[in-house]
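Taken in sequence, the protein lines are chains X and R. Numbered by my numbering, the letters in the first sequence go through residues 632 to 864 in order. Numbered by my numbering, the letters in the second sequence go through residues 632 to 864 in order.
Just so you know, the hints here were simulated from the structure itself, not pulled from any lab data. Treat each hint with caution, since some may be false.
One copy or two, it doesn't matter: identical chains are merged, so the pair holds either way.
[To be verified] SDA-like, lysine to any residue: derived pairs with alpha carbons at most 20 Å apart:
#, residue 1, residue 2
1, Lys839, Ile737
2, Lys788, Asp720
3, Lys788, Asp743
4, Lys800, Lys829
5, Lys812, Thr830
6, Lys832, Tyr802
Computed from a prediction, not measured in an experiment: that's the story for all the values here.
There are 2 protein chains.
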Amino acid sequence: MPRIQILNRVLASNDALAEEHRKQFDNEKITAINIMSAPGSGKTALIEKTVAELKKKVGIFVIEGDIKGDLDAQRVIKAGGKVYQINTDGACHLDAFMLSQVLPKIDYKKIDLLLIENVGNLVCPAEFNLGTHYNVMLLSTPEGADKPAKYPLMFSKADLLIINKIDLKPYVNFDFKALEKSLKIIRPSLEIIKVSCKTGKGLPDWYKWLLNRIPQIANRTPLNSGKRRAHSG
Amino acid sequence: MPRIQILNRVLASNDALAEEHRKQFDNEKITAINIMSAPGSGKTALIEKTVAELKKKVGIFVIEGDIKGDLDAQRVIKAGGKVYQINTDGACHLDAFMLSQVLPKIDYKKIDLLLIENVGNLVCPAEFNLGTHYNVMLLSTPEGADKPAKYPLMFSKADLLIINKIDLKPYVNFDFKALEKSLKIIRPSLEIIKVSCKTGKGLPDWYKWLLNRIPQIANRTPLNSGKRRAHSG
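Isolated chain X, as found in the complex (with noise of 0.2 Å):
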């Protein structure tokens, strides 16, 4: 089989670059979040709130992922937000051999938060090892709770699940209970926290689980226990 011979090799290959941005990250103190979900379900509006609420307490930069343009660029900055776009210029997720395009141009010294919000995509992206840190997923209520079964990869490889657009759940048929079960199945130790980006609801725990992933400020403050614990992808 050809074809899964090359894929193999791709991402191996992308693994080993991977593994150096990871080294990088280490060595300039930097926590990097890989921020992943299907289109719509609100990674730009958790990245424009996380910038707006932390950005006078941890040093954030953040790295856009779209395939054609700029608009949720143009959001984070207007949040008030230090950005790169990533185009992929049609292909489905980011890559470490994207990644490398943009990190050199990252003045280290001033950051201790990189956000990476990945292509809309529930499928690819979950393939590519980014050297992050902690991949970030969320889920939209009106997407639906039978999603773990339907894409378990992406789920399987979370470390955290944002529940997001709670506001909707009302008007939305979401099953919660049916979501634990199958995740129970996928991945039973995923964590999960619900927000509305939109109300802003729950999000202060969303902020607390981030400022504890981030060891230098974890360390200065009074929040739980941070640990920093190994990237699953």
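Model the placement of chain R on the given structure of chain X, informed by the hints.
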């Protein structure tokens, strides 16, 4: 660039096989529709409603494409549909080769309409021609109106855009004018039908569109001219 050469070869052989499928559909007088969208936009809900409404007038067969499992196929069966499930086993789209595994099992004599639900993904499925006559894509209001600019290929290949979940419009920021503006650049002639699969609003327009694309049905009912035009994909 060997990766790109290989991708082009894969797409060329996929296109050749899709052409064979198309000839078979034409010989058997089947109208075949490729239904695509992001995860959770409502493809299965649309198929459920369509099967329940039209199964007495039209011979319908459904092919369900999912990475894993048969949740959607079970829903279509409950709605009274006949269905085959394709599991892509990780792949992010259906292709003409996967379809070849299933098409020989279909009894074409009983069928006028073949509905194919692609994997929920706003990127990759648009690259793989299945030999269908029409690409129907869904966008649901909670996903936002910025999607054509960010995922142009899928929109550029669509013959019909169904805006689903219009019942949620009062609760989400869906800028219909911005959508129309970006579609004017990417796909100026794209027909749009607004529906709510939940309330049923707008669905009669979709049924009419569909029946008009089945020549043997359109010719015997007093519907508008049901010209069958070339698939753009």
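Consistency of the hints with the structure:
1. Lys839 - Ile737: For lysine 839 and isoleucine 737, neither the intra-copy (25 Å) nor the inter-copy (54 Å) Cα distance is at most 20 Å.
2. Lys788 - Asp720: between (25 Å within a copy, 17 Å between copies)
3. Lys788 - Asp743: Result: close neither inside a copy nor across copies, 23 Å intra and 42 Å inter.
4. Lys800 - Lys829: Both: 13 Å inside a copy, 14 Å across copies.
5. Lys812 - Thr830: Neither. Shortest intra-copy (28 Å) and inter-copy (28 Å) distances fail the 20 Å Cα cut-off.
6. Lys832 - Tyr802: Answer is both; intra-copy 17 Å and inter-copy 16 Å each pass.
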